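Residue numbers (our numbering), protein chains in the order written: chain A, 861 to 1377; chain B, 3 to 372.
Read the hints as simulated data drawn from the structure, not as lab findings. None of these values were measured; they are calculated from a predicted model. All residues carry an ideal CB built from backbone N, CA and C; glycine is no exception. Check before you lean on any hint, since a few could be wrong.
Calculated cross-link-like contacts (lysine-lysine; reagent style BS3-like; alpha-carbon spacing at most 25 Å) [as the list claims (entries may be wrong)]:
1) A:Lys1265 to B:Lys294
2) A:Lys1293 to A:Lys1328
3) B:Lys43 to B:Lys6
4) A:Lys1265 to B:Lys320
5) B:Lys290 to A:Lys1265
6) A:Lys940 to A:Lys966
7) B:Lys320 to A:Lys1369
8) A:Lys1104 to A:Lys1004
9) A:Lys966 to B:Lys43
10) B:Lys42 to A:Lys966
Computed list of chain B residues with no C-beta within reach of chain A, every gap over 12 Å [stated by the list, open to error]:
11) Arg5
12) Glu53
13) Arg201
14) Thr210
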Amino acid sequence: MYKLGIDVGGTNTDAVILDSNLKVISNIKTHTTKDIESGINNAIHQVIEQSQIDVQNITEAMLGTTQATNAIVERQKLGKVGVIRIGYPATASILPYTEWPSDITKILSNTFSLVHGGYEFNGDEITPFQEDEVKDILQSWQGKVDGIAVIGVFSSINNDQEQKVKQLAEKILGPDIPVSCSSTIGSIGLIGRENATILNTALFKVIKLVTDGFLNALKQEGITNAKQYLCQNDGTLMSMEYAKSHPILTIGSGPTNSIRGAAYLSKQENALVLDIGGTTSDIGVLVNGFPRESSKSVTVGGIQTNFRMPDILSVGLGGGSIVRENSDGTITVGPDSVGYEITEKAKVFGGDVLTTTDIAVKLGMCQIGDPSLLSSISDDVAQHAMTIITQILEDAIDRMKTSSKDVPVILVGGGAIISPNHLKGVAQIYTDKFGGVANAIGATIAQIGGEYEKVYQYVDTPRTDAIKDAELQANQQAVNAGAVEDTIETVSIEEIPLSYAPGDTTRVKVKVVGSNH
Amino acid sequence: MSRKLYAEDINQIATGAALLGAGGGGNPYIGKLMALSMIKKNGPVTLLSPEEAPDEELFVSASGIGAPAVSMEKFPNGSEFRRSFEMMESYYGKKIYGTFPIEAGGINSMMPIVAASDMNMPIVDADGMGRAFPELQMSTFVLAGHSVTPMVLTDERGNTSLINTIDPVWAEKIGRNVTVQMGATATSASDGLTGKELREAGVLGIMTKSQKIGTLIQHANEFDSVDQALLELLKITNGFRLFTGKITDIEHTTKGGFNFGETIIHGLNEDSESTGQISFQNENIIFKVNDKVLATAPDLITMVDVDTLQPVTNEEIKYGKRVHVLGLPANDKWRTPAGIKSVGPRYFKYDVDYVPIETRYKNFVEEKGE
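Modelling step: build the complete structure from the supplied sequences, incorporating the hints.
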């Protein structure tokens, strides 16, 4: 029984195979290719070859990929979307696609309609929902759109109207036109959720290519017994079936996987994770085994969304960062980098660019390449550069800490060799020989998650009942995504009171995780 | 001199107004999108300087009332003010000449732009608070003896309610209840004043002040350092940097429809041995360092992000955020016995006397020096 995990990053595509005790039995780092798919194929092929296991014993295969993000950023392969917002006459003051970059609005066809209905914060209808109105619109969109996005005002309180529109769309436009309902995509905040739902609908073609490509790659290697999953940005998995209708949830899974992988390797549940790559260092916060979520709204390809993303601080320091001696004697480090060309350009590999990796080798912090090629660098310069590297890391760590106490730090990533053993504000540094492929390990150990958010009035629904209800709904989400019911546990409950609203109105958000077996 | 407000001006005003919201006033995002959508459709709006408001003409304030968190999900149709202003006109038997903001805040600095753009009327550069406050009677207009009503509340469906009350506190009570029935948010036309009254009782130049602050914040990264930009921000607001730290805890409770709470901030840098604590009731009311009071309402207590100087409102605070706590002096109209009675710390049920921020700050610095 083995698990295969792949993580596609900007520079590297990593793959690992874990045994049933979640021990790493083989791992590989390959370059990410322009088409992404051939890179995934390479990585799978190599990691299997190295492991020499019988592929029939691989029972699970997980993929964390950037293809959806790339499609949005590059405006490629996106579908035409028909947007139905339920809530008229409310919300007409801000129409769909307001503040979107015009090039992507055009590609998505700028087709939208505001229809009557929607809910108040207490579940009352804003105006009566009118079925005929929706039918007419859907009929007029026949042949014009590739998918439908449905967004109802306060659909997190009641999604009946969104479901009704979905049924009508499937009846009128046929099963080949996919429908995304906003209540399954994002949380409260209409515009952000609408934007995420529109993007989700536009990504249906892309996600089909991803899932088909992954399936083919597995088949080619003879892996036919494995259940397949895609990674979400909250550190959990979704089944291929679920992923097909929720492609937007794959965005940002990379940093999450690296944090989760780091947690697994270090056996820590609460720590900072410092992932030093070739060009940047990403710092995330591990809270009870999961990444802390960002409180800022997330922009993808110039479009503001409100879905969950890990809180990551990126600084321009990596193993390939360029070190410069200026004429006035000062030294600078980065933010530019030789990136994946490090094995040709860094001095220690016979190149002519002084990088942070050269500094680490010069100071005897690690043994790679040919140290004799570094004789022209003075100890003074090396020490000075290391002081700057240390400062950048210490400052970044301090920004992400939530208390003044020293914190444990888990150090991972291909560029981890440039970090000193001691950092100010850090209680202990954890490292692991598999730290370089922490992201692929994170993909492999990911669990199945569920999340539910709703506004309750504690006057009508006592607090304990409200939380129980939200937990039940979150469990159902997890089961839908492929979790086994009795393995599910609650990882977080968040309560936010709504000011000015009567009856102790409180937004409750519950997150659960479970295992797929 | 009158001037036109374009998209860029609106972005700047929204940012600066969020700072003057003193932690409340709503998230500027929705208000800004509404204003930008309107002027995209109708072209720029005209901002009159206060002296350009004709003495005898009628001006009515356009605002949003209710739960800011609800307006993130259900926001207006855009035509509400047309209806409520019509009703006001038929009540007064007089044409409305222009509109003005009731307060400076993320949402209510934008609502007059929505109204003005839709009805093609000017906005006067004056408001009734110079900051944000939670209740209708907390305005310099009320301090000057004007009534809040007649007030017309409207919802997106077309429901309108004309409210006339015996005093401004009743306007707050009845208005709040009507708002709840309308879905916890409504739009409001209120505080009808002549140009002369508005000029005499209002806080003048608020939109321009908001814009000046917003422009500086948007260009904070063009200074030699963020600290330089912060110094400039303090200079143009006559403000003080009271504390710098990291938010480590937030406690919310709802009482009587308000968002009450405490924000705990652990000091950083020169404040690293200290703990700051903000008590808020929608807006920030009291700021203490190591249990010593350093600022109270009506002076403004406001947080900005240490890296960007972007204002931080109480709805979006999360632990881990690094902030400067700033103290800005309130408009002089609030620093009178009547003003302090209306919006001082005792009104918000804190057993603390109002002492102007500049005095508290000076004492604090002297004590620290000893």
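Going through the hints against the structure:
no., hint, in the structure
1, A:Lys1265 to B:Lys294, "24 Å, holds"
2, A:Lys1293 to A:Lys1328, "42 Å, violated"
3, B:Lys43 to B:Lys6, "15 Å, holds"
4, A:Lys1265 to B:Lys320, "19 Å, holds"
5, B:Lys290 to A:Lys1265, "22 Å, holds"
6, A:Lys940 to A:Lys966, "9 Å, holds"
7, B:Lys320 to A:Lys1369, "15 Å, holds"
8, A:Lys1104 to A:Lys1004, "21 Å, holds"
9, A:Lys966 to B:Lys43, "19 Å, holds"
10, B:Lys42 to A:Lys966, "18 Å, holds"
11, Arg5, "24 Å, holds"
12, Glu53, "32 Å, holds"
13, Arg201, "30 Å, holds"
14, Thr210, "25 Å, holds"
The structure fails to meet hint 2 from the earlier list, while all remaining hints are met.
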